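Chemist: Quick note, the sequences are listed as chains A and B, same order. For the first sequence, counting from 1, position 58 maps to 58 in my numbering; every step adds exactly one. For the second sequence, counting from 1, position 351 maps to 351 in my numbering; every step adds exactly one.
If you're looking for bench data, these hints aren't it; they were derived computationally from the structure. All figures in this text were calculated on a predicted structure; none of them were measured in a lab. One thing to keep in mind: the hints can contain errors.
[To be verified] Examples of chain A residues lying across from chain B (beta carbon under 8 angstroms, computed): (1) 32; (2) 39; (3) 153; (4) 164; (5) 165.
We put the beta carbon where it would ideally sit given N, CA and C, even for glycine.
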Amino acid sequence: MVTYLVRRLLGTLPVLLMVSLFVFLLLHAAPGDPADILIPDQATAQDVAEARQRWGLDQPVMVQYWRFLSSASMLDFGRSFKYDEPVMSLILERFPATMELALLATMLALALGIPLGIFAASRPNSWFDNASSIGGFFGVSMPNFWMAIMLILVLSGYFKILPSGGRATFGLADDPITGFLLLDSVLQGNWDALNDAAKFLVLPAFVLSVNMTGLLMRMTRSSMLEVLGEDYIMTARAKGLSERVVVWKHALRNARIIVITVVGLEFGALISGSIIVESVFSWPGIGQLLLQGITARDYPLITGLVLVYTTMFIIVNLIVDFLYAAVDPRIRLNG
Amino acid sequence: MPLKASFSSLTAQAAAIGISMVLATSGPAQAQQRNRVSIAVTETIASVNPYADSVALMYAVYSQTYGALVDWSFEKNGYISRFADSWSNPDNLTWRFKLKKGLKRNNGEPVVPADFVHSINRAKNDPQSKQKHNVRWITTVETPDEETLIIKTSEPVAPMLENLSRIIVTSKAQYDKLGAAADKEAPFGAGPYAIKQIAVDNFFAMTKVAGHPDVRAENPEEVIYRIIKEPESRVTALLNGEVQIAQFIPPQLVPRVQSSSSSHLVWDDAVELMFLAMNPEFKPWDKKEVRQAVAHAIDRDALIKVLLNGQASRLDGPIGPGQYGYTPDLQPRYSYNPAKARELLKQAGYPNGVEIDFSATVGRYIADKQICEAIVPMLEAAGFKVNLKTPEWGTLWSSVQKGGVPFYYMGRGSVIDPSAALSQYFETGQSPRIKFSNTEVDAALKAEREEFDDEKRIALLRKAMSIITDEAPAHFLWRHKMATGVDNSISFKPQPTMDIYAVNIQMKARGKPKQ
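The following block holds chain A by itself, in its conformation from the complex:
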C-alpha cells in the first residue's frame, strides 16, 4: 500500500506541471494586461512600466514560467500583483473558510442524499420515490447562483431568519486558532460564536450541497435498486431478516462503491462551485480570491490557486481509491 501511495503521489507531479504550464500559457495568451488593470486610472506611463518590471512582466513568458516553477517547487507561488502579499499566505488565510464550507456541504449532501436514495429504492414507484426523483433532478439541474439568490430573498429577506452573507458577526468570535470558525468556537467554548458561525454557514452550505445531494440521491437509489434485486438479498429475506437489516446492512454495503465514487468526483465540482457561492454570499474563501485574481489578471494568484484546486482534487481521489480498498475486499492497491 505504501508503494502504491508513493507511486500515486509521484504521478501527481507531471499532472501539476502540465496544469501549471497550461494555466500560465493560457493566462498570458488571454487579452488584458495586469498593469493596465491594477495600476490606477491616473497613473503615468512610467508608473505602469515600473509595475511591469517589478512583477517581471517585462521578461519573456518562458522566463516568467521558469521563475514561477522554481519557486513553486518550494511551495512559494510568488507575490500577488493585486494584494502584494505572498500568494501562499493569502491562500492559507482563506483556505479554512472554503474548506469549512465544502466539508459542511458534503456532510449535508451525505446526510440527505444517501438516506433519501435508500428510502426511494426500498419503496420503488411509490409517491416518495417519485417525489425524491423529482427533487433529485431539481438538485442536479438547478444553477446554484439562482438558488442562492432565491434563498437569500426568501430566508433572509422575507422570513429574516438567516443572514444574507458574510461569515460571522463582527466582534463575536475570538482570535482564530485553526481558522475553522465552528471548530475554533468549540475549542474556545464560545457558544455565541458557534451559534453565530452556524447561522452564517447554513445558506451557503445548503446551496453548495444541493447538486451533490441530488446526484447522490439518484446514484444511491439506482445502485440500491440493482443490489436489492440480487439473489443474496432474496436469501437474506428468506432467512427472515428484518427489512431494515436487509437494506442497511446487506444491500447498502454493496452499493457503497458507487456512492464513494460520486462523493469523490463531486467534491471537486463542489470546491469549484464554491467560487460562485462564495461570491453571492460574500464568503471570504479562496473562491472569491480566485475571482478577484481573474478580474485583476493576477497571474501568480490564479496559477497558485488553480494548483491548489488541482492538488485538492487529486488528494480527494486518492482518498477515494483507499476507501475502495477499505470497503471492498476484492480491490487491492498494488504498487
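Given the coordinates of chain A, assemble chain B onto it according to the supplied hints.
Modeler: Chain B in isolation, oriented as in the chain A frame:
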C-alpha cells in the same frame, strides 16, 4: 477495519450533524448592535497599507482614520484641512501650509511636521504604493519650522489640492519603529475614527475617537464597511437589518427598498461622467462629422427615462452642476436629431452608412449592457452598421488603456475638479485612451493648470470644454443619480463622490423618516 464498519454510522452521524446545524441556527438573524452601523460597499480592500489602495472607498476610509492633508467639503464648496489652518502660493511652484498646533493621534502621539514629509515620501516611494500619480509633480517637501510645510512642484499645478486630498498622513515615528508592520500593528491616525480591524477583501472596522473635535454624540460608536458586491444580497442585508447603509441600489431594486417600512432611499448625482469615446486614430472616427453624428443619433432622455428609470442627469458637456467650472451655458449642445446625424454622415463621405465596432462594458456600470444594446438601433437609424462587442472588463479596459478600442461606453469617476480627467482623456500625449489631439485644447488645459486665479482658471476650463464638446471625441451622456439605501434608525446624506463618512451618520430612534 474501522472504516468499513463505520460507513453506515458515518452517514447517520452526518445526518445528525446536518440536522442539528439547521435546528441550532433557526431563529432571527443577528440584530443590529447598539450604536454600530454596518455599511454594505462594493469596492475592494486590497491591503492594510494606506498607500497600497487607490479606490475611492479606501481614500475616504483612511481620510477619516489617519486623516488626509486636505479634504473637499461639498458644504463649503472648497477644500478644508484638519491639519492646516491655511495655505497659500508664494509663487506658482510653491504651496505653503500653516500647520495647526497641538494635533494628536488617537494614541496620544503628536502629529509632527516630519509626518507630512514621511507621508508624501511613502506615497512616492513605498513599493506597494498605488498613489504615485498623486505626488508626481512634487519635487521637494520642507518643514522649516514646527508650523510650516512647504511643498514645491516641478511645474505650476493649480488643481494640486485635489492631489493633496489623497495624501494620507501616517506616523513617521511608528514607521521608523516598526517598518511596514506599523500599518497593521500601530495604525494610529488623527481622524475622528480609529482603525479597529481590517480584513482584506472582507471588512474594515473603526471606532469613534472620544473627544475628537469632528465627532458628535449622535455619530455611531462603531462603523463597519462590509464588502457585499451582489446587489440582491446588499438590499436584502439592508432590509434584514444586517447593514444600515447599502451603497449603489440599482434601478430594478429601488422599489424593494421604497416599499420597505424599515428603510428609505437617499439620492445624489454621482460625480462620475458617463460617455461614449471615439478614438480618431481609427476610421471613421477621424472625421469630426461622424463623431457629431453619434451625438445627434442618441436619444439620451429616452435612455434615462426607460432604462435608468429617470435615475440620471443628462450632461450637455463634460460636467454637470456642482462640479468645478460648470456652466449651463456651455456651447455647443447636441439635440436628438437622427436626420441631422444622417446628413452629417453624408457630409463625412458615408452616404450609404458606415460599419463600426461598438464596445460595451458589462456589469461595470448601472444597466450598461442594456444601455449599449439600446444605443445600437439608435445608431443604425442614423446610418451606422453596428457590431456590438461585450468583452469582459479586464479585457476591454486593458485595450482601452493601450488605445486599441475605436468606440466604447465608459465612465470617469471622482470628477470634482475636471482638470485631471480632461487632461487624461483629451490632452495630447497624456493617455492613449482616446488619442484625441487639438492644439487649442492642449493650450487651454495647460494654461488652466498654471492659473491660480479661480475666475480665470474657470474661463480656461470652459474654453477647453467647449472645444472638446464641439470636436466630440467623446459624447457625454449623463451622471447617474445614485441611490443609497438607509435604515430608518439612522439619518445619512451621501456625497456626490459616494464616499461614506461616519461623521455624516447620525443615530436616531427607529421609525420612517418624514419625507
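Chemist: Does each hint fit the structure? Answer for all of them.
Modeler: Hints, verified against the model:
Given hint, residue 32/A at the interface with chain B, holds; its Cβ is 4 angstroms from that chain's nearest Cβ, closer than 8 angstroms. About 7 angstroms separates the beta-carbon of residue 39/A from the nearest beta-carbon of chain B, less than 8 angstroms, and the hint is met. The beta carbon of residue 153/A comes within 6 angstroms of a beta carbon in chain B, closer than 8 angstroms, and the hint placing it at the interface holds. Against a cut-off of 8 angstroms between C-beta atoms, the interface hint on residue 164/A holds, since the closest Cβ of chain B lies about 4 angstroms away.
The interface hint given for residue 165/A is met, as the beta carbon of that residue sits about 5 angstroms from the closest beta carbon of chain B, less than 8 angstroms.
In this structure, every one of the numbered hints holds.
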